[in-house]
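Start from the sequences and build out the full structure, keeping to the hints where you can.
There are 2 protein chains.
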Amino acid sequence: MGNLDSECRQKVTVPPSKPFLSSLKSSLKETFFPDDPLRQFKNQPPGRKLVLGLQYFVPILEWAPRYTFDFFKADVVAGITIATLAVPQGISYATLANLPPIIGLYSSFVPPLVYAMLGSSKDLAVGTVAVASLLIASMLGKEVNPNQNPKLYVQLALTSTFFAGLFQATLGFLRLGFIVDFLSHATIVGFMGGAATVVCLQQLKGILGLVHFTHATDLVSVMQSIITQTHQWRWESGVLGCCFLFLLTLTRYFSKRRAAFFWINAMAPLMSIILGSLLVYLTHAEKHGVQVIGYLKKGLNPPSLSELAFGSEYLMTTIKTGIITGVIALAEGIAVGRSFAMFKNYHIDGNKEMIAFGMMNIAGSCTSCYLTSGPFSRTAVNFNAGGKTAVSNIVMATAVMITLLFLTPLFYYTPLVVLSSIIIAAMLGLIDYEAAIHLWKVDKFDFVVCISSYLGVVFGSVEIGLVIAVVISLLRVVIFVARPRTCVLGNIPKTITYRSIDQYPLANRVAGILILQIDAPIYFANANYLRERISRWIDDEEDKLKSSEKIGLQYVILDMSAVGSIDTSGISVLEEVKRNIDTRGLKLVLANPRSEVMKKLDKSKFIEAIGQEWIYLTVAEAVGACNFMLHSCKPNSKAVDESTENDNNV
Amino acid sequence: MGNLDSECRQKVTVPPSKPFLSSLKSSLKETFFPDDPLRQFKNQPPGRKLVLGLQYFVPILEWAPRYTFDFFKADVVAGITIATLAVPQGISYATLANLPPIIGLYSSFVPPLVYAMLGSSKDLAVGTVAVASLLIASMLGKEVNPNQNPKLYVQLALTSTFFAGLFQATLGFLRLGFIVDFLSHATIVGFMGGAATVVCLQQLKGILGLVHFTHATDLVSVMQSIITQTHQWRWESGVLGCCFLFLLTLTRYFSKRRAAFFWINAMAPLMSIILGSLLVYLTHAEKHGVQVIGYLKKGLNPPSLSELAFGSEYLMTTIKTGIITGVIALAEGIAVGRSFAMFKNYHIDGNKEMIAFGMMNIAGSCTSCYLTSGPFSRTAVNFNAGGKTAVSNIVMATAVMITLLFLTPLFYYTPLVVLSSIIIAAMLGLIDYEAAIHLWKVDKFDFVVCISSYLGVVFGSVEIGLVIAVVISLLRVVIFVARPRTCVLGNIPKTITYRSIDQYPLANRVAGILILQIDAPIYFANANYLRERISRWIDDEEDKLKSSEKIGLQYVILDMSAVGSIDTSGISVLEEVKRNIDTRGLKLVLANPRSEVMKKLDKSKFIEAIGQEWIYLTVAEAVGACNFMLHSCKPNSKAVDESTENDNNV
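Chains R and U, in that order, are what the protein sequence lines are. The working numbering applies: residue 1418 is where the first sequence begins, and numbers increase by one. The working numbering applies: residue 1418 is where the second sequence begins, and numbers increase by one.
What the hints contain is simulated information worked out from the structure, not anything from laboratory work. Predicted model, so just to flag it, every value in this text is computed and none were measured. Every residue, glycine too, gets a C-beta built ideally from N, C-alpha and C. The reader is advised that the hints may include incorrect statements.
[As the list claims (entries may be wrong)] Calculated from the model, a selection of chain U residues having no Cβ within reach of chain R, i.e. all distances over 10 angstroms:
1. Gln-1472
2. Ala-1586
3. Gln-1649
4. Phe-1671
5. Trp-1680
6. Pro-1720
7. Ser-1729
8. Thr-1734
9. Leu-1827
10. Val-1898
11. Asp-1956
12. Ala-2026
[To be verified] These stretches of chain U come out as covered by chain R in the derived footprint (C-beta under 8 angstroms, 3 or more residues):
13. 1451-1464
14. 1858-1865
15. 1904-1918
16. 1929-1939
17. 1973-1981
18. 2009-2020
So this is what it looks like as structure tokens:
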């Protein structure tokens, strides 16, 4: 430790205090604009600023000028591929939401066009999503029976889509995108897996050809409902369903093993629909217990602004449904967009995406579409089919438009059981057991979060699972915050580095000095804990030294390197710690307090209380000074102060 | 930086993985038993363990054997002093809670005795508290009118006291004491100040002798109620009230300025009651619009177990009231206990205190007492009167017992207006504007929290203020957690220390190397933010270097010293950061990752991905290695790997 170089000791100074408004401005900026969206506007002429501003809010203006024919070819192929998936998925998920199948097709026409203008992802394929569809069915179904009052039910679904969009756009405009971050990855894995399980269970209705079915979504009710109706099972439907399910999972399995089979997997849902419809048409199975879609209206989305039921007695329900489904749809869509952006190494702006999602849902709710987002399956197909830009969404919308205008009658004979198979096949991919195993291996707590939200969804309901997931995630934040780590540091031999003696067993404790590192900002949520913990460290150290009869404890050095900030509760705890240490006849020394902390310690006179000369830049300097004192004089407050000054003046 | 000593470079190793159960055990222990209550039981014979265990749960067994006659003398003086305060305060706060005055006296008899057995504070004087009384009145008053249905109202108050006690004891047994820590100091200052303001406003009813008064507690309603009733004001009552208020504030003012006046202040409430009662008795003012307490039943607390209304339709209300008032009472009591323990330098165990509070309220609810806690005013008087142990509570209870048995008729003529004055005088002390000014000076955000909860209480209601305070406090935790600091490090000249260049302007950036320090654990709540922020730091650095035409950026060193832990979301963000840095043609280097982090990085194969040779113990070593590479060869992945190995083998 002879390295302590006291001639030119760099003092830890109190940084000049910034005016209140400028520090408020900078902290607000860091909170709400961490991505600094205005950086590209700096030092630009006003005309250029206008162009950049337009491009910022309508990203298509940014990339359209650079669009090439090669891109277009790739996008057409990808767009047609996702359209073959969009049509059956659209119909399937709409039936999952208890909505007329045609609304699922409408929802693949307008929203993708809006997203193509406003979205910043190049890969996201817009469409309806299973989990949100299920949530709509379960939340609105509690209030209005979709079979007895279909018109009102559709109105409520459109209204809640409107609120979902409004909420999403508002979050984006207020730059509160980080709220979505609070649904951790583990939560989403568990929640999605649970929802996929529940959706699969619901499809047993279609596969077994049951007419009556429970409205509850939990495992117990569904199994009860199925077992009590064994005499109602339709074997024709069941056999058909199992065959198609087998076919679909087989193609998925092969496409995963060999990239050449990708197209087979991408086309499989459409093929199933065509095959199923042909089979029913030829065998007239619809007369033998195989339910079919039936008549679908021809024509594009009818306007539905007048259908939005703002005056309805169920307004609160639609708002609640809108907010919850909106957040879920956002979380899924943004997570999917981000994952694919990561592959191609471009950047997605969460807040801009929220505005795009919100706009597309508001526009959708006025044109007979229900909630849309970026489903994983469709986006993955888009990515694998070689989609380059959001133009693939436009191509998909065009293909859906053609379907709506001319091809709807072809779906008359499509058996519902095929739709169920398509949904199950898609859902099986969402049960990400490998991710769960990975969580177990890497982080047990994350695994607990994941499995709790899974079980909450499967045995409770989608809402219960969501609440459990959010509560556990928040609880985790709270525990993270309330129980920060502290550790004892020791000297790594032959260096002036001090590290945790737990992590580096060869690090040596310094006789007579206890060096503690605090690993978190100190504030109200953990201040009391830290006080107890520090006093326990000192107790432990004193007990140990007492029994070993070596040199007694004289100094406590707090390494503040990791204390990024402190609040008034934290400061009063520091004061208490100092008083406690003084009473024991020891001396408190601080090492490397950060600027934010120094500022507040100064304002609250703590620096005066402890003495500027007891604050060091590094642990090594602090230890050097303490050692000097230990070996030259017995530390009592007066003598120590003088000798430090001497030390500094040497 | 020639100090890099590559011969004996201490490697950052992955710590041996602990079995799951033992790491779960240690983290549960750290979360729920940070004070390690079992440490004194270690290495003790079984008989001693039993004694220690009893002493742990019933602290009186611990200190009673050491009790001396000197202590007793001091405690008798202090006990009688607080009894003179307890009697008028008990009556006053009971009327504040719309309960019969006698219940206030009962509440100063049983609970102090229970606390004396179980409590770990030597200074806390037990009694009813103003804020909780007000809360009971406002929450129960919404359901049952205390004037129309006094019996039911008393039953509900006792039942909610029972639930408050049950909740408090449960929190203690489950060692969830840290929940109280989430009410930050700033929140409590604002909330208490607001509640005190509201209580003062309520007393205007008594001072002005009004009979009808609003049930709302907010400033606007109260002022409206007073202004519309100007013709109902009773000047006799008003004059009396103002005189006593003046007297009481005067004694308080003098006692603060000179310690010798302490006794005058302590006795002032009792003196006021005696003086007021005499005045009314002599002038028969009760016939001229001055309301008096009237008949008080003689005798000790009647048992009230049968009064607890568990079967009532208002059960939910009593549970809710119990939980909320219980938490508030706890927060106040524990804060008060801790403050005084700090003065005398002994330790208070939060969880044990909760059990003591819970037990005393459960016992209280069975003996006609309503919610009690440790009020600041009474405890301060106890402390200043020289109370040494909880025996002063026993003395107080004895004095109250004597009052109940023999002296209650003396209160017949006590005017209500004197009680109002006593309450107002006590409340004025709770409006801690000096603390608010201190908050403003030291931490603006804390000030905002404080003032919002104040305004919430004063202009909304006590519950609204509480909700605002809790929400803002939680929001603060969320923002703290979601927006950690990052900073660029530079070399402090003539040392191998690297520090933030914002804090130490003379620190020099190292050419070609960007050193970033992350100041928080990385996990789901801040992972996305950190990814954006790191990529922005790199953008900024590249822009800067591009314009200056110096050596380009080649290495990014992440100083992980302050990253105490990481979860799976954090790891995937690190992977993304690495991929992003790789794409830019740069190299990611880690410095000083902690053991927890190393463990998880290892399990998730991140260490393999980055290469063990790119992880250094200190920033200085990392910089040394990068510099070596920069000046010996152009960094491309292959060449760099080899040269590092050479570097290590030299």
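Would you assess whether Leu-1827(U), listed as outside the interface, keeps its beta-carbon beyond 10 angstroms of every beta-carbon in chain R?
-> Label holds. Min Cβ-Cβ 44 angstroms, cutoff 10 angstroms.
Coverage of the segment 1973-1981 of chain U by chain R (three or more Cβ within 8 angstroms) = Coverage by chain R holds here, the residue count being 3 at a Cβ distance below 8 angstroms.
Per the stated criterion, does the least C-beta distance between Gln-1472(U) and chain R lie above 10 angstroms, as a non-interface residue requires?
-> holds (18 angstroms)
Exclusion check [Thr-1734(U) not at the chain R interface, CB over 10 angstroms] = It holds; Thr-1734(U) is separated from chain R by about 23 angstroms at its closest Cβ, greater than 10 angstroms.
Distance rule for Phe-1671(U), whose beta carbon must clear each one in chain R by more than 10 angstroms | holds (28 angstroms)
The segment 1904-1918 of chain U covered by chain R? Criterion: 3 or more residues, Cβ-Cβ distance below 8 angstroms.
-> Coverage by chain R holds here, the residue count being 7 at a Cβ distance below 8 angstroms.
Consistency of the no-contact label for Trp-1680(U), given chain R and a CB cut of 10 angstroms = Non-interface label on Trp-1680(U) holds, nearest chain R Cβ at 29 angstroms vs cutoff 10 angstroms.
Per the stated criterion, does the least C-beta distance between Val-1898(U) and chain R lie above 10 angstroms, as a non-interface residue requires?
-> violated (6 angstroms)
Is the Cβ of Ala-1586(U) farther than 10 angstroms from every Cβ of chain R?
-> holds (20 angstroms)
Okay, the segment 1858-1865 of chain U and chain R, do three or more residues pass the C-beta test at under 8 angstroms?
-> Holds: 6 residues of the segment 1858-1865 of chain U have a Cβ under 8 angstroms from chain R.
Would you say Ser-1729(U) is clear of chain R, with no C-beta pair closer than or equal to 10 angstroms?
-> holds (29 angstroms)
Is the Cβ of Ala-2026(U) more than 10 angstroms away from each Cβ in chain R?
-> holds (14 angstroms)
Consistency note: the structure conflicts with the earlier hints numbered 10 and 11.
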